[in-house]
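K.L.:
Line by line, the protein sequences are chains A and B.
Heads up: the first sequence runs through residues 1 to 375, numbered per the working numbering.
Heads up: the second sequence runs through residues 1 to 368, numbered per the working numbering.
These are computed hints drawn from the structure, not numbers from a lab.
We put the CB at the ideal spot given by N, CA and C, even for glycine.
Treat the hints with care, since some could be wrong.
[Unchecked claim] If you want the footprint, here are the derived chain B segments under chain A, 3+ residues with CB under 8 Å: (1) 123 to 133; (2) 263 to 271; (3) 276 to 282; (4) 289 to 299.
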Amino acid sequence: MSKEIVAMILAGGRGTRLEALTAKVAKPAVYFGGKYRIIDFPLSNCANSGIDVVGVLTQYESVLLGTYVGAGSKWGLDGNNSLAAILPARERGEVGATWYAGTADAIYQNISFLDQYDPEYVLILSGDHIYKMDYADMLAAHKAKGADLTVAVLNVSLKEASRFGIMNTNKDGTIYEFEEKPKEPKSTLASMGIYIFTYKELRKYLIADAKDESSKHDFGMNIIPMMLNDGKKLYAYEFAGYWKDVGTVESLWQANMDLLDDKELDLYNIKKDWKIYTEDTLSKPQIIGEEASIKNSLVTQGCIVNGDVEGSVLFNNVYIGEGAKIVDSVLMPGVLVEEGAEVYKSIIDEGVVIKAKAVINKEAKEVQLVSDNAR
Amino acid sequence: MAKVVGIVNLHSDVTYKGLTEKRPVASVSFLGRYGIIDFVLSNMSNSNLDTVGVLIKEKPRSLFKHLGSGSSWNFNSKSGGVSLLYNEKYANNAMYNHDINNLVENIAFIEKSKADCVVIAPAHIITTMDYSEVVDAHMKSGAEITMVYQKISNANETFVGSDYLRLKGKQVTEIKTNKGNRKERNISLETYVINTKVLLKLIDYAKKISSFFDLKDTLTYLCDERKIMAYEYRGFARCIDSYEAYYNVSMEFLDMDINTQVFKSGWPIFTNTNDTPPTKYLKNAKVKKSFVANGAVVDGEVEGCILSRNVVIGKNAVVKNCIILNGSKVSPNAHLENVIIDKDARIEKKKELIGEDGPLYVREGDVV
């Protein structure tokens, strides 16, 4: 089965700065937005862009993620000509057991998977970014330019630029230099970690990189500089829209709060029909009790709300007891808030029970994470 | 262990006015995210039946789409599956379009299943019945036919027009129509366990007595000749046999004491996913005592309502005791009470709609 393009999602990251939230799950499996896991976004983007063979490269806590992605039926990728394939770091015949040493090494170790599909192009994605993007448009740009590599970039503020990998470009969009977290950025075009490679070039560079013992086997640090050095055609593809890499508890909280503002991520397909697919939980509709009040919030099926909820995001099967008060918080699946408890500016992890009349983070200066897991 | 297959019988003579103009009762939206048929299918699934036939009477389009491969109800094992049994021959011939004729047309389903017995149940009677318990009792009694009933004490108000059973011990001696003139009745829940061989004989027999005889008529006719056992079901049961009953039973579910009898752990109600985002409550939302499905956007006052997927309640609209189906929009400042709004309708021009004697109905896709 040959394919024009195959997507590879890098989903092995630990996400250490998410603290207890990633104590037992990989960062791409972290919950987001009332009913999703972060990896639903790149997977749904692939499905909606007509990319139907997707490899998911896993390493840290790969079992839950592997079970969740399965054969890809949640995203409609389980047909005769489509597939979501879990590609964990593993023992292989020719080299024995290996871990993925870097982003490029992870793809290198799966060259035989890619070769099966004889793709002209390979799309490399991160499993832990939240955004809606039509990769077909990016592929069209890649083809129109006859590029060897197209890098999706986001125009960030000058202040933020030193937190990102920055692409310095000529007027025609060609990249002449890549700088990782520059102290004095020359440009504000930040790499989104989304790459389209012409596969025969990618294959050549991955093999060369694997032989280089001094390499960190990273796309940004090794592959891109090598290609620039060889005078390959690298283009920046500017993306305008909501995009977030939720690295910390604070930024995960903020990304959830962004959903309460219509101007940000368009989950309701107001501008474009672009559904984000996810697991369907077997829960009843949400039930709002007689004494409840809900404002400026997202609430999912299976919730029972008997208290006051404001500026918050409630995942499936959350229970809010009578007289409880939830303000500016994210409550993950199965959280039980007993009568009269108060929760402010917090992320409450899956299955946590907040005891009756408990008060969490009333000061509400910084985001508080409450979890049964330790990190 | 006996091999059992399930048959959902949609040949009941039940309609819900406008709601069933273009769709069968089975696929009418219920409680925000279900179709009426989901309850009987979930019961079958939870009772470990994996081969199910659906006897479709009419208007199959929405039902075909809803059921798909049956995987939402776990009927996708290699050995089982869901079969949509449609009787095209008599589709437009009311007197002949009954369950016996449908079974005759689709007899291959029963023959190929190699089942020892079948469980037959309707969609419009909502229960959480464990059919495996009924089958066990059926097997133990050695009966050829078992009918499930419930003892009710408000037969003057509900199940009017349904059958009731006269019993001698555990045996059915007579089947009669509930005319609503008494409170205490053993109401038939139109749920039967029948040995496959006996069912095949019944079908032959029915045709000989009358071409218009359906399964109910045949059982009524035969109950003094054949031994029919009665099985008492004591769990939740509601009969949604009219537009008014649809509204009343829906509203009853807003009571936690009622809905927890149906939505209980270990007995999931399955349906197919629509991949809708969470419901968004905006700054002017005031919601009380309601069922809300995903994908809705609420910026008004909602009380005692059932809102289905993707419903939009505009800013400062007031909506009370309403059932609003998928994708309908209520404009800002509108005032609605006791209204059922079918799918994808828009309340734009009319700022006040109040159902005085029973719930008003707004048709699918209408703009009012």
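K.L.:
Under 8 Å between beta-carbons, do enough residues of the stretch 123 to 133 of chain B, three at least, approach chain A for the coverage claim to hold?
P.N.:
n = 0 at 8 Å, threshold three: violated.
K.L.:
Okay, the stretch 289 to 299 of chain B and chain A, do three or more residues pass the C-beta test at under 8 Å?
P.N.:
As far as the stretch 289 to 299 of chain B goes, the hint holds, because 8 residues have Cβ atoms under 8 Å from chain A.
K.L.:
State whether the coverage of the stretch 263 to 271 of chain B by chain A holds or is violated, taking the criterion as 3 or more residues with Cβ-Cβ distances under 8 Å.
P.N.:
Satisfied; 4 residues make the cut.
K.L.:
Are three or more residues of the stretch 276 to 282 of chain B within 8 Å, CB to CB, of chain A?
P.N.:
Contact hint for the stretch 276 to 282 of chain B vs chain A: holds, 6 residues under 8 Å.
Comparing the model with each earlier hint shows a violation of hint 1 alone; every other hint is respected.
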